[in-house]
Amino acid sequence: MHEMLGNQYFLIRNYFEAEKEFEVGLLSDPDNFKIKKKLIVCYIQTGHVDSALTLFHNIVSTDPKIITDTNPEEDNCPCPEIIYELESILNNSEVELKTLSLAMLWLYCDLEESIWYFEQYYQFNKSTHIIKSILASLNKEINK
Amino acid sequence: MTAFIDKYSKTILEGMPEAVYVIDKEFKIQFVNNAALKIIGKGAKDLIGKVCRNICKSDRCEIGCPITEVLRTNRNILDLQTTFQKENGDLINIILNASLLKDIDDKTLGGIISFKESPPKGFNDHLNGENSFYGIVGISKQMKSIFQLIKEISTSYATVLISGETGVGKELIANAIQITSQRSKENFVKVNCAALPSTLLSSELFGHVKGAFTDAKKDRVGRFEYADGGTIFLDEITELPLEMQAQLLRVLQEGTFERLGDSKTIRTDIRIIAATNKDLTSEIKKGSFRKDLFYRLNVLPIEVPPLRERREDIIHLVQHFLKKYCKKYSKNIPSFDDESIEILTNYDWPGNIRELENAVEYSVIRSKRDDYLCVCCLPSNLRVEKDCGQTNSVSEKMLDEKTETLLALLRQNNWNKTKVAKILGVNRSTIHRQLNKIDPPH
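Protein chains in written order, with this note's numbering: chain L, 1 to 144; chain C, 1001 to 1442.
There may be inaccurate statements among the hints.
Below, in silico cross-link-like pairs of lysine to aspartate or glutamate (EDC-like), each with a Cα-Cα straight-line distance of 16 Å or less [unchecked claim]:
id: 1; chain 1: C; residue 1: LYS1217; chain 2: L; residue 2: GLU81
id: 2; chain 1: C; residue 1: LYS1141; chain 2: C; residue 2: GLU1303
id: 3; chain 1: C; residue 1: LYS1210; chain 2: L; residue 2: GLU81
FYI, nobody ran anything at the bench for these hints, they're computed from the structure.
All of these numbers come straight from a predicted model, not from anything done at the bench.
For reference, chain L alone in the conformation it holds in the complex (with noise of 0.2 Å):
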């Protein structure tokens, strides 16, 4: 029941809501990777980029494809606007929490530019252990 209503609330982009009740979804469904594609894109909007981080290395570290595979026309999949609003005020101020956002977001679009935007911000901070195994996985997916 959480996880409809929060992809409901995902669904007209009412982030905080959708997190709150995909959270509760997580709970009783800890594996339920649809819930956390979405939460991923909830976190990012909600600032809790680490949060989204932590679920995106745990994603990308299983299968990256279960990102990769998003259809964002037929999943309604906000992640176009939101990196068109990111890409528009990028170099204004947190660039490089917004390079972090952007480098998960472009993997529900377009897997290279994701893994350029990873690159860009392991330049910001290279001791991340984190980034360099995602961006592993990464180039491990596109050399397939």
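Model the placement of chain C on the given structure of chain L, informed by the hints.
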């Protein structure tokens, strides 16, 4: 019999005269019967796998998706009057039912929506007795003067600003203004400004052209353009972001706007009815609402009084909702007893008519008698230390106490039985047994 149903369930659904479609958890359409295809005006292959709100364009998608309401309240929706936009753009009136599709383990799989066309209501259909005006129940002086005002402004196209606390029936007032106006046969579009995020609101209201943003794959008509010649109801107007308030001001002043990403100016002729439950003057002081927009909207102000300031309406509203819910739950209870009426009329109703309606529905559900509703059936927050002492045995009373606690906890925890079971320190099956005592499975 079960094998027969299993084998022919799809054929049965296909043959139903009522339109039926089924959605999955992602709100994607998984089944549409022939009657629905006929009303929607599209083939099954154009619908299956598509998100329902992109197809149905019901005003309910914006102001409260029926399936979402079922998910929120855990109650099916029955006989909801709403509109549906056909493929050719025609807006039709429908009566809709919505319920959840669950598997054997009570897990939600999706939702079922059934609907049928309903003839538009004529003038007389709304005037159901002297206590009601276009579905608005009230005999108080304040409400009568509002009804009179609505009649007087029926020839005007001026903007209306409806204010009042939550639950006072602002949407019903807007409906009455639209249906009595000379634009009653034109499009009537409802937008809840709080239900749409700011990123979508601009595109929803003003439309966009292909390529306006990454996801804009084709041109889209906005609500203002769609309502051209008709009326638009902007509920919770204070939730409009400031930059959109400026755009709305331009629509009000010049009747013009541009679709997102387009330089072509569109001229529109719309009547705007706005509503708010907030004090706009304090919103202006806070800087969250434009003063110039307030003056533009506030041409015909209508302030709907809270229920506590028109207690004489309560008894009529109670009778109205009692009739409604007796029909819904197939009961035949003519009235509340005197003590209950006293409680209902003396209570302050902070949630106004919405709260009163919920209280009546609760009482009808809980009632075990057919002659009248007594104090015991009222929600516990109303009947402080009151008990009719007539109908229920000691064990029934104990069950009631337990039930009350259980229902309150379920409501607080979004009807999550597992969570409530944990709080109470019992098994989930105990919760199920308790609930079955209230409403045995059929």
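Hints versus structure:
Of the pairs offered as hints, the one joining C/LYS1217 and L/GLU81 holds, with about 11 Å between alpha carbons and a cut-off of 16 Å not exceeded. Distance restraint check for C/LYS1141 and C/GLU1303: the Cα-Cα separation of roughly 13 Å lies within the 16 Å cut-off, and the hinted pair is therefore satisfied. Only pairs whose Cα atoms come within 16 Å are accepted, and C/LYS1210 paired with L/GLU81 is accepted, the gap being roughly 13 Å.
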